[in-house]
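Protein chains in written order, with UniProt numbering: chain A, 1 to 507; chain B, 1 to 507; chain C, 1 to 507; chain D, 1 to 507.
Everything labelled a hint here was simulated from the structure, so no lab data went into it. Wrong hints could be hidden among the right ones.
Copies of the same chain look alike in the list, so a pair counts if it fits in one copy or across any two.
[What the hints assert, rightly or not] 30 Å max Cα-Cα, derived BS3-like pairs, lysine-lysine:
1) K244 - K501
2) K112 - K71
3) K71 - K88
4) K226 - K455
5) K247 - K490
6) K463 - K244
7) K224 - K455
8) K501 - K464
9) K244 - K217
10) K223 - K74
11) K496 - K112
12) K464 - K336
13) K455 - K124
14) K118 - K226
15) K118 - K77
16) K336 - K463
17) K496 - K244
18) K496 - K409
19) K366 - K112
20) K455 - K501
21) K366 - K308
22) K463 - K501
23) K463 - K490
24) K336 - K490
25) K247 - K501
Since the model is a prediction, treat every value here as computed from it, not as a measurement.
4 protein chains.
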Amino acid sequence: MPNKKKYIVNGDSEIKAQIQFADQKQEFNKRPTKIGRRSLSRSISQSSTDSYSSAASYTDSSDDETSPRDKQQKNSKGSSDFCVKNIKQAEFGRREIEIAEQEMPALMALRKRAQGEKPLAGAKIVGCTHITAQTAVLMETLGALGAQCRWAACNIYSTLNEVAAALAESGFPVFAWKGESEDDFWWCIDRCVNVEGWQPNMILDDGGDLTHWIYKKYPNMFKKIKGIVEESVTGVHRLYQLSKAGKLCVPAMNVNDSVTKQKFDNLYCCRESILDGLKRTTDMMFGGKQVVVCGYGEVGKGCCAALKAMGSIVYVTEIDPICALQACMDGFRLVKLNEVIRQVDIVITCTGNKNVVTREHLDRMKNSCIVCNMGHSNTEIDVASLRTPELTWERVRSQVDHVIWPDGKRIVLLAEGRLLNLSCSTVPTFVLSITATTQALALIELYNAPEGRYKQDVYLLPKKMDEYVASLHLPTFDAHLTELTDEQAKYLGLNKNGPFKPNYYRY
Amino acid sequence: MPNKKKYIVNGDSEIKAQIQFADQKQEFNKRPTKIGRRSLSRSISQSSTDSYSSAASYTDSSDDETSPRDKQQKNSKGSSDFCVKNIKQAEFGRREIEIAEQEMPALMALRKRAQGEKPLAGAKIVGCTHITAQTAVLMETLGALGAQCRWAACNIYSTLNEVAAALAESGFPVFAWKGESEDDFWWCIDRCVNVEGWQPNMILDDGGDLTHWIYKKYPNMFKKIKGIVEESVTGVHRLYQLSKAGKLCVPAMNVNDSVTKQKFDNLYCCRESILDGLKRTTDMMFGGKQVVVCGYGEVGKGCCAALKAMGSIVYVTEIDPICALQACMDGFRLVKLNEVIRQVDIVITCTGNKNVVTREHLDRMKNSCIVCNMGHSNTEIDVASLRTPELTWERVRSQVDHVIWPDGKRIVLLAEGRLLNLSCSTVPTFVLSITATTQALALIELYNAPEGRYKQDVYLLPKKMDEYVASLHLPTFDAHLTELTDEQAKYLGLNKNGPFKPNYYRY
Amino acid sequence: MPNKKKYIVNGDSEIKAQIQFADQKQEFNKRPTKIGRRSLSRSISQSSTDSYSSAASYTDSSDDETSPRDKQQKNSKGSSDFCVKNIKQAEFGRREIEIAEQEMPALMALRKRAQGEKPLAGAKIVGCTHITAQTAVLMETLGALGAQCRWAACNIYSTLNEVAAALAESGFPVFAWKGESEDDFWWCIDRCVNVEGWQPNMILDDGGDLTHWIYKKYPNMFKKIKGIVEESVTGVHRLYQLSKAGKLCVPAMNVNDSVTKQKFDNLYCCRESILDGLKRTTDMMFGGKQVVVCGYGEVGKGCCAALKAMGSIVYVTEIDPICALQACMDGFRLVKLNEVIRQVDIVITCTGNKNVVTREHLDRMKNSCIVCNMGHSNTEIDVASLRTPELTWERVRSQVDHVIWPDGKRIVLLAEGRLLNLSCSTVPTFVLSITATTQALALIELYNAPEGRYKQDVYLLPKKMDEYVASLHLPTFDAHLTELTDEQAKYLGLNKNGPFKPNYYRY
Amino acid sequence: MPNKKKYIVNGDSEIKAQIQFADQKQEFNKRPTKIGRRSLSRSISQSSTDSYSSAASYTDSSDDETSPRDKQQKNSKGSSDFCVKNIKQAEFGRREIEIAEQEMPALMALRKRAQGEKPLAGAKIVGCTHITAQTAVLMETLGALGAQCRWAACNIYSTLNEVAAALAESGFPVFAWKGESEDDFWWCIDRCVNVEGWQPNMILDDGGDLTHWIYKKYPNMFKKIKGIVEESVTGVHRLYQLSKAGKLCVPAMNVNDSVTKQKFDNLYCCRESILDGLKRTTDMMFGGKQVVVCGYGEVGKGCCAALKAMGSIVYVTEIDPICALQACMDGFRLVKLNEVIRQVDIVITCTGNKNVVTREHLDRMKNSCIVCNMGHSNTEIDVASLRTPELTWERVRSQVDHVIWPDGKRIVLLAEGRLLNLSCSTVPTFVLSITATTQALALIELYNAPEGRYKQDVYLLPKKMDEYVASLHLPTFDAHLTELTDEQAKYLGLNKNGPFKPNYYRY
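Isolated chain A, as found in the complex (with noise of 0.2 Å):
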């Protein structure tokens, strides 16, 4: 029998990773999103394994029961100082690290050349990110760069095993596994930081968990530090009210606003994550549906285009009147959710904002409306509204369920309203790319700033950096950048290696 149930009680549970300290909750729950949404790399390696990716699959036989924190392990070089699910994995690992390493030129061509300067000489970094691939390609490279890196999960579920084993194996001290406690995940922080005759000079931290832990217990430690690299929207958050509060301590780079990351993880990566979550879940056809798409920011555009491209006939539901305005002159009727709500085939959510889709809405909708989420948190669909007894649920694959009312209508929620393409499509390795770049070449800048640089504040990436991050991934494209002439330049006022716009560009 199908597997019905009445009201799931916390289905979302397992989403909910990331961990908080009890004394800032009320702060983020106060305004967590208005600065953009979460990086898309979050959990990735988690929606992966969940779902479709190959990578992990060949490994789940190899579980067993024993926890990490009790197992005696030694690399073929006979060090021990690591803590992963299982050493032997290291093979796998390496060849999904192979597999990244090509779809990731701008980090090896930093590699390429480092080799005759190494700009991160001296640098001991410890980070907390998450445990994949293409963060072992990162860490990699900040090796070859001349670094030392002691590295723990930013999330207890996201690290892929077999790619921390490979890491151990070349002799990085990794701390992390997938289906951490929150105690071995704090445990895991501690064994990179705490750890005899070696000091962290730099912090890479997705999130703010790692930055805080050093707050926390080894404030001491901040004296040496040259910087903190922060790349997620609540941790960036974080640091902007430290930085107020006057206690933010070192300086501290916020790569989550740069340009190029801004776009890839929002605009160009959710115009194709749009129609591959959907496809993935329902095998809907495109044509012809009506849709609506609450919020005309970066992530809504990108959905609105793709949709109809696919030929969709998409309405608009926007707060902001120049988005609004947007909308209009690219060709969607702006719209009050309520006038569309009963003709919709599908409702995207993109707006950072809560309860976008209430019950009273949900209650409206036709036979067969498809809900789901493209925003910024699992809010924005009132999913406890459903969670009623007069509601039937019934899972009919993976992450998507029937929600049926008590005459028979059936909506279908999509992981129930958390991110959809996190959840149920994949991360292209070239996004993640951007990323690891972006962040390595902020640890560079924060490492080899000249003293004064930088105080004891929050900065963007200086946009020649951005420019260079976008710079390093046009030979994938084989793209031909233009060089301006000396004439050129100084007719325009300009620098020939930029930076080629004022810093309120917005492209």
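Got chain A sorted already, so can you dock chains B, C and D onto it with the hints?
Structure of chains B, C and D alone, referenced to chain A:
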């Protein structure tokens, strides 16, 4: 370890389930594909169970090894006039049928209209098609219209066992299961036809095997048969050859070439499935990629439009100057494959031709180039030329092989050169609805046609019926057709109810 | 003061230059438009001189009032076998012809190939078409291929006098000028046909007037005539009627319905000219505008695609359910005109039907709504219903009228409901090149066809010739066609040189 | 004979109506274009009278040779405090203003709201802008809001005389006519400023000439002036330089860089005008043409999107790697100009740079290649290099020159390298409406700002006002904005009325 193998022999065989008589093979080899491309619906259930559809997955555990032919089974009404894998799976199958009904509004509308009249009263239809939920909706519609039906599968792998069970439980004599042997295949067909006290007067065929069997074994049966409805390219080709040879002894309806079916099977469906197939297999990003599409027929047009919309740079090859000029006007560079083969990231064949991509082309492709086939048969890419000792094959995912050259270059070959959209994506029910409705109307037309309207020849579906199929699908889109006024109809010299176009109209 | 007028009587007449015999009018009125839409090239020179082409403008000053029939003119070689406005304009005309040659590569290629063989050697062609630079390129090509030509104009307004002069100067007996009277019109035709010692053996007609004249006055001439080539909808319709009545006494070639010509005259040309026509007349912005397009044939498809691409929101009306389903799949809401008439900013008719936009619709449109016609004839919008005393007409620009309701509401009517693209934009030479090449090839085919290939009937251009026309235009786009290998041709059962598709192929 | 000329000297001068002080020229030459591109509205009336707008054409016949400065004119109320070409043209001008009002709903809405309060009561505004119907709507709106206005033209050619007359007739002291001399130009400005018993307290400038004049002649006037609103790139640049030099003595508002204005002046407007400009000048077909667009800023993005949609094959050149990566992701091959210059049919510059297309490029272009400029200034194409004796220029239409090489090759140069969209197409009123509304709101803001809000510096329009301008234009599209609930506003940390985005948001 990843699954490495040298020189895979005949990894192709499992898909070639189409069984042909030895004495016919020659002529098919001579000219198999001229008319168009094979019906999409052919291997649907197969592909969907292969890969992503949840439909069949919950029954795999109930497998047992006894042949259905050796089992004694009865449905709840005591009948045993059927042969399916396991009658107990009926409930699961019913559920699938109900879901399909929601997306096949045209057939449901036909049922409703049939409540008064029974246009198929007295019809005894023997059918041989894929047995899927959508076919079940068709069969139950035929029943509601007054027909008696007996059914076998046209493909030894494509039967959804649960659906077959549900049909048997409802009283349909169905003889089919997934994984028939060749002997089983003909046994099932024979059980449909060779039954005491019941003789078919209509044939619904998909591939021509049923028709062939009756020709060979029970030629006298044709005396009572009013007509044949055939939907596949191959079956239609067989019929035209019979007709040409003067051996066709009843009218036959070619439903493969109706406008609506052609556009949906090819242009509209491929526009979506090319993206879907590529994403599910490779997780690649489309933006900025260079793609060459071989062939600019309906399938090629769909592929090109979709990839262009997603930001790929698309080149086209063509042999036909008219299609070539269309490609130019639609904004694609028309090239010879040789001109771009070194630079492209993806090669897609949509020609119906053979050896369009040769070993020489494959040798010149760049590292990581993706090669796949959206065309008619599995001959478009010369895959056989890759099964040589110097090349290493690595299966990296289901349907994805890396073929590795001695210098380390990898080509990413999808579905071993078979049809990408059948192997790696699914076909929307909406497309199948159009096919099934066309079949039902063709049966009604042939069964009710006054003596003399159809002779012993192969006919296209009358345009008016083609238009009717289309009209039955408009409500899905809440689309409102305009009616001609009397004055306008007179002005145009048209009947207000159609047909609205001359036969040569190109749409 | 702006030009205000109440109730304009017959502002239409200047465009209706097509002269028909009274005895034929009735049947044309009955069913004029079924086959397709009128050839674009029909009124080209007229429209181009009307509005924006610079071509003819520099000669307007040389106007004099003497009728060309009363003038004595000789060309530089002493011949006076022609009748044009002013032989001294020949140099201007030659210049126009040279410019046109640059954009008619296919005819130039034909000339080159003809240097050896003369496929029209011995042909005596009498022609009646628009006399434009493009026609001149055609005529001189026919001459280069070996033919003798005599020519008249098919439209009393469309002759470019300078071009006619240039042709006369080069020795072509041309009888045509801009602004002929009806009597002049038939006099010119007669002068082409009725000449001592010369009798035509081929007819090239556009509209059927020349053919009609010979039928009526010189029926015996048909004994020597090998065939008729006709390019207009109207002329083709006349031929089919003659054929049906058993009165067609020579083979005729319908070049109007060849694939290449149809696609260019309709889909590709209208995709561009709808934007051009609207901009030149109204300077409106397309982005965000709501548009309803009546009819989703080739013309409608072109209009919809263009406007959607420019950011308009497009609704479609249709009577044919197949075209309607195409509109849905292409992403357009299918509505009845009534449903959207109050809200749209633009109404465009592309139906070939009459009274598609009625006075009732016009009454309900909102202020400033733009109404125009891209379809076949000037009957689609019921313009006559607007010529009533309570409405005020205001001519605000050439081809643009404001029709003002008593309450002040203004409707912007373009070209008084005549064809927008003929009246308010120009037709690219490239489109005319395709038509002219088709005509030349049809003449060659009919002239050289072995006895018996063509009977006394109306034929479509053989597909192979259609393909040849296309192939001659590919070099314009630097497009490279792929050739079949012998093995492939055998596999497909095709000749390597085409034809490549069955006749019913829809492209 | 066509107008042949060798070496045209300074065909450029008539467009360079911007008059600059000698002492400022140097710095402008040094770095004139960094900020963006010149305001579109600058030369609108000029271009529209040049070519296709009917607006002014009916008055050309009334030209007389007397200088307006020498005439004695009075309006119907007896005032002579104005100087226009001919006060009798007022009725024509009023009609133009009424038509413009229909398409400037935002200003009309402002007027309505002002019926109660008069936010500009007491304001004495001196303005120097183009004098067009749209400006008249702005001026009359300012009047309705309570302001007194005096106005001069910012361009010696751009005044619509009828509109100026209508304004004078309505009591606005306007000093402007088409075809002023340089002396007239400054005389008119002086007459606006230097008037007994009236002293301006607000400046609305377009180009900075008015501001400069007051600085130079009446510096004391600044004591009473509350602020300057400036809309041109050039004028804004001057203000930033004054500010940098510490010489700016009042607050100034840079309205050029507001989001709404930028998007409409560049992306949305150019998306349409590139097609319009090319069609009106060349009647070319876009389908299949190869085009290279130099620069992928907002203007380039608009051009590329439009041409791609029309079936052109588009290449892009860029100097900025971020924009380059955007071009790649949007589906354009990124090349150096040299790589494609031999093969393209059209070259379009959109860079703001100089000598982007050099003589060397021009030498290598193929025959019939079209060259035009959509960028900032007339320096992008090195037109000067074409004015050499070995090349022949032929003017084939207004704004279209053939430049002919000794071997017969012709290049089609549009508008002599000046801005195509200003020279050869028109700017929709809707775009001008956005600019005018922005100006009005900036005046209101500066005039009413509490002491201390603005210092002696250059400000961007507050985001909230930018959003307000957008919101006033939504009704044009029948667009319905969604309002935040209290709960949502709190969640997002936003005011329900905006601003909705941080200042660095890129849209």
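Going down the list of hints, with the structure as the test:
1. K244 - K501: both (28 Å within a copy, 20 Å between copies)
2. K112 - K71: Neither, since 37 Å and 67 Å both go past 30 Å.
3. K71 - K88: Answer is within: at 13 Å inside a copy they meet the 30 Å cutoff, but 48 Å across does not.
4. K226 - K455: within (10 Å within a copy, 38 Å between copies)
5. K247 - K490: between (43 Å within a copy, 26 Å between copies)
6. K463 - K244: For K463 and K244, the Cα distance is within 30 Å both inside one copy (24 Å) and across copies (23 Å).
7. K224 - K455: Within one copy only: 15 Å inside a chain, 42 Å across chains, cut-off 30 Å.
8. K501 - K464: Answer is both: 9 Å inside a copy and 24 Å across each meet the 30 Å cutoff.
9. K244 - K217: Close inside one copy (21 Å), not across copies (48 Å); limit 30 Å.
10. K223 - K74: For K223 and K74, neither the intra-copy (33 Å) nor the inter-copy (81 Å) Cα distance is at most 30 Å.
11. K496 - K112: within (24 Å within a copy, 51 Å between copies)
12. K464 - K336: Close across copies (21 Å), not inside one copy (41 Å); limit 30 Å.
13. K455 - K124: Classified as within; 20 Å inside a copy, 47 Å across copies.
14. K118 - K226: So K118 and K226 pass the 30 Å test inside one copy only (17 Å; across, 57 Å).
15. K118 - K77: Only inside one copy: K118 and K77 sit 25 Å apart there, 81 Å across copies, limit 30 Å.
16. K336 - K463: between (38 Å within a copy, 23 Å between copies)
17. K496 - K244: Close across copies (24 Å), not inside one copy (37 Å); limit 30 Å.
18. K496 - K409: For K496 and K409, neither the intra-copy (62 Å) nor the inter-copy (35 Å) Cα distance is at most 30 Å.
19. K366 - K112: between (57 Å within a copy, 21 Å between copies)
20. K455 - K501: both (24 Å within a copy, 26 Å between copies)
21. K366 - K308: Both, since 21 Å and 27 Å are each at most 30 Å.
22. K463 - K501: Both. Shortest intra-copy (8 Å) and inter-copy (21 Å) distances satisfy the 30 Å Cα cut-off.
23. K463 - K490: Close inside one copy (20 Å), not across copies (33 Å); limit 30 Å.
24. K336 - K490: Cα proximity of K336 and K490: across copies only (20 Å, versus 50 Å in one copy).
25. K247 - K501: between (33 Å within a copy, 26 Å between copies)
Hints 2, 10, 18 from the earlier list are contradicted by this structure; the remaining hints agree with it.
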